[in-house]
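Just so you know, the protein sequences line up as chains A and B, in that order. Numbering-wise, the working numbering puts 213 at position 213 of the first sequence, and it's gapless, one number per residue. Every position in the second sequence, counted from 1, becomes a number in the working numbering once 1000 is added.
Note that these hints are calculated values from the structure, not bench results. The C-beta atom is built at its ideal place from N, Cα and C for all residues, glycine as well. No false leads were slipped in.
Here are the simulated EDC-like pairs of lysine to aspartate or glutamate, each with C-alpha atoms no more than 16 Å apart in a straight line:
{"no.": "1", "chain 1": "A", "residue 1": "LYS160", "chain 2": "B", "residue 2": "GLU1050"}
{"no.": "2", "chain 1": "A", "residue 1": "LYS129", "chain 2": "B", "residue 2": "GLU1132"}
{"no.": "3", "chain 1": "A", "residue 1": "LYS422", "chain 2": "B", "residue 2": "GLU1059"}
{"no.": "4", "chain 1": "A", "residue 1": "LYS469", "chain 2": "A", "residue 2": "ASP344"}
Chain B regions said to be covered by chain A (calculated; three or more residues, Cβ under 8 Å):
{"no.": "5", "segment": "1022 to 1032"}
{"no.": "6", "segment": "1061 to 1074"}
Non-contacting residues of chain A with respect to chain B, defined by C-beta distances greater than 10 Å in every case (computed):
{"no.": "7", "residue": "GLN37"}
{"no.": "8", "residue": "GLY54"}
{"no.": "9", "residue": "LYS88"}
{"no.": "10", "residue": "VAL130"}
{"no.": "11", "residue": "ILE142"}
{"no.": "12", "residue": "PRO231"}
{"no.": "13", "residue": "MET318"}
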Amino acid sequence: MSFKRQRIRDPLHNLIEFPDDHFHHVMWQVIQTSQFQRLRRIKQLGFSDIVYPGATHSRFGHSLGVFHTARKLMNIVKGHLDRSHDYKDTDANTALAAALVHDLGHGPYSHAFEEVGKRLNLVMANHEKVTDLLIRDGEVSIALKPLGGGFASDVADVIKKAGPSNIYAAVVSSQFDADRLDYMQRDRLMTGTHHGVIDLDWLLSNLEVGKVPYGNDNEPVGEIETFVLGPKAIYAAEAYLLGLFQLYATVYFHKATRGAEKLFTELLAKIIHLVKNGSTHKTGLNENHPLIHFAIDPENLQSILAMDDSVISGAFSMMANAEDRLISDFSKRLRDRKLYKCTDIRECLSQKLEYTPLSKSTRRKNPKALSEHQGAAQSKHSSNDEKGRIEALDRASNNVEKRLMDFATEKQDEIPKILVDKAERSIYKLFEESKGPLNQIMMKLGAGDSKPVDVASISQVINAIAPFKAFRVYIEDSDKKTKATVENIIKEEATRCR
Amino acid sequence: MPVVNLNKTHAEMAADIIRDAGGEVVGRTRLQKMAYLLEITGLGADFSFEYRHYGPYSEQLANEITAACFWDMISEVEHTAVWGGSYSIFKALQSNPKGKIKPARKEIIDLAKDANPITLELAATAAFLAKEGDSDPWSETSRRKPEKAAKYLDDARNLYARLLKVKTPNPLPAI
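Here chain A stands alone, though its shape is the one from the complex (with noise of 0.2 Å):
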């Protein structure tokens, strides 16, 4: 039997080739299923082209891309394993397809449509959950037959880390997977950022694959194989880490997305909340509209896959004419971007937790304030080194956040006051659970067979590298006595915790 070559242009990859051998047919097959051809109506970034117009990316473009990233990967493991004649195209084409197929549970919106999910206990929500079940019994299962009865269920096993640990799962899933290579270079070339560059080709020159233990707790379980950088890949690997922390800072965690994801996830949790109710009628929908029907079943798969980023978007201006007073401010401001307006509590705390040299005014007019006030200067230089500042910047962030959610009970209203935005990521964790392969970048210090190590152990860079957290308030731009509220509760807390 004879297949078709077939080619795509990408614009971070330029050509993405499917040669004519019967495993990329199959891939090519998946590609054609109406699950997978749903990823183009699924930005990447969600709302993030309300600040980066150019980031309308979708995942199906990622998908395609993490497969090519994830082939370049391989490869690395095929020049390996080919020595010991241990290579096994099965293994690596389950994590091939894993990589191509990995984000096909995604719903309208993807991480902000999760958030509403994780608030109103609905599954379907999940993307990995959703991503299991397309993969395992549908199109995509029927599509990814030819390759064996147990294929797709393998395909499956390997996305939700749940196979053996094993270096073609690394590809799918470690510090430098597929996924993770094609996103940070797809947004920040679509965001139009120039954050956050990574040296991919002398990362990927560099990269070996080597023995490392691994255990649970202080139990040893054995060894495994991984990704393990050489020696002259440090820099590469500390701007491979900055540029994360980067893009989380200003493309992930922009104010204005999460501002906007806010306001989607508010929106969506009231239509939910009231076809629940019986009250169909208020969120502005036809009792058709997809939206509608996920609310009534939200256990049934066929209902979330309806739904896509332009479904949702379509029917912003169907809502805008609600009778439901959130629904319809809410929906006419994702349309419009008129947003709440965001106060960054960590910023205005971190600038109050500082020390402030006093006026010449104030100094002039009252000169027991000034020795008072270089009194409590020197003694906060004096006591207060770095983590004492950052120590004392979550103590207060922690009080006025806890203050914040007793206003918000407190003033409930039909339409919230105020919007809290709290969120923390760590961008290298050196564990969670136990320190593994799968979550550290381990690093040769020579050549040969010398013992790889953690990169954070040799790098002062990646160990400074603090996790990056966002504490925001959103309020409406017009509700001035919410605003002052807010900074007094921030004034006061920085005060107590100075």
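Please build the complex by placing chain B on the supplied structure of chain A, with the hints as guidance.
Using the frame of chain A, we list chain B on its own:
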């Protein structure tokens, strides 16, 4: 509903697990699986768990543990593991203000505390898979963790049998 004191913060609830374990828990994985078993038996603090590499894991619990360290309720000291990685020892810095611990909670915590961490991981994973509707959670656990199951699955089954005997508000899946 979980049996918790609603006036306590989640950081305190996370710290309570360590306090109720006699003031010390060895290992992050052990702490996570211990908390998961408490959660599904109705003796937890309403932490939500999802499947990760080491079985059921709660990001929320991990964050609250960090907060509990920050507020000096507990300490976490990292040690080098015998296999070259790292593991943590958590110690309570304050006694449990409630004083009395529910007997079932104490029994679950003690069983988890004394278990081998890999055995505990396998038992908690099987429970998680059963809760997810898997019809043969032990086989699935073996399939997902073959290297660990080869040596520790029988021990995990024995541990689970002992856990099942504890009279908890919500029964463990009968697997």
